[in-house]
Amino acid sequence: MSPRTALLLPLVLGLAATPALALAGGSGGMADVAVAAEALAPNRYVWNDASTVAPVAAAPVAIVVSIPDQRAYVYRGTALVAASTVSTGRDGNETPVGAFTILQKEEVHHSNLYDDAAMPYMQRLTWDGVALHAGKNPGFPDSHGCIRLPAAFAKKLFAATKLGGTVVVTDEVIDPASYGEAIPSTVADDAAATAKANRVASDIATNFDQ
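To convert, take the position in the sequence shown, counting from 1, and add 861; that gives my numbering.
The set of hints was computed from the structure by calculation and includes no laboratory data. The structure presented is a predicted model; accordingly, all values stated were derived computationally and were not measured. Any given hint could turn out to be false.
Computed spacing ranges between beta-carbons, pair by pair [said to hold, decoys possible]: (1) G1025 / P957: 17 to 23 Å; (2) E1042 / D952: 30 to 36 Å; (3) E967 / A920: 22 to 28 Å; (4) D952 / E1033: 17 to 23 Å; (5) P957 / A1020: 23 to 29 Å; (6) D1032 / A920: 25 to 31 Å; (7) A892 / E1033: 18 to 24 Å; (8) P903 / E955: 18 to 24 Å.
Derived PhoX-like pairs (lysine-lysine); straight-line CA-CA distance at most 25 Å [claimed, not checked]: (9) K1023 / K997; (10) K966 / K1016; (11) K997 / K1016; (12) K966 / K997; (13) K1023 / K966.
For each residue, glycine too, the CB sits at the ideal point set by N, CA and C.
Please put together the full structure from these sequences, using the hints given.
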């Protein structure tokens, strides 16, 4: 454990009643978010996006999900502004990797595949049942392929994103503080192509709800 992680660990572990970690009143930088993210317990998150406090002509939001990290990292432009624990697909129902766009957003959503299960703050990545949404977050892969988020984080993320936003799912461990700069410029094009393919599939499908 790094010295900075050790300093932040008591703060993170003391979040039983308040799962979000605020960094110095919103003044923390990317390194602070990255260090806090490393120490997060299951169902916890850190959010430090100043644009939600004083909205301006903000850069677009991109989301990077690292399956081995079991983390979602949120970037505004190239700046890391938030991070959360996640639960991705379990063995046999693995979450697909690649670049996606947000195809659909529904604040209130219920699955028609899994016993009408509630999936609040749903943000669809594919038309065959993969989405970001609030759900059980035990700290390990446990979903049917979706990316489950802590409820409070899912609500904030839902408010920060737009249709067409980029979501990258990777099977690699990443350095979150620098990854915003490393995202290739082709990601948006790749995500747009994925979205187009998914829309074509949706025209054929008779039932594309999760």
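Hint check results:
{"no.": "1", "hint": "G1025 / P957: 17 to 23 Å", "result": "holds, 19 Å"}
{"no.": "2", "hint": "E1042 / D952: 30 to 36 Å", "result": "holds, 33 Å"}
{"no.": "3", "hint": "E967 / A920: 22 to 28 Å", "result": "holds, 25 Å"}
{"no.": "4", "hint": "D952 / E1033: 17 to 23 Å", "result": "holds, 19 Å"}
{"no.": "5", "hint": "P957 / A1020: 23 to 29 Å", "result": "holds, 26 Å"}
{"no.": "6", "hint": "D1032 / A920: 25 to 31 Å", "result": "holds, 27 Å"}
{"no.": "7", "hint": "A892 / E1033: 18 to 24 Å", "result": "holds, 20 Å"}
{"no.": "8", "hint": "P903 / E955: 18 to 24 Å", "result": "holds, 19 Å"}
{"no.": "9", "hint": "K1023 / K997", "result": "holds, 24 Å"}
{"no.": "10", "hint": "K966 / K1016", "result": "holds, 12 Å"}
{"no.": "11", "hint": "K997 / K1016", "result": "holds, 14 Å"}
{"no.": "12", "hint": "K966 / K997", "result": "holds, 19 Å"}
{"no.": "13", "hint": "K1023 / K966", "result": "holds, 8 Å"}
Violated hints: none; the structure is consistent with every hint.
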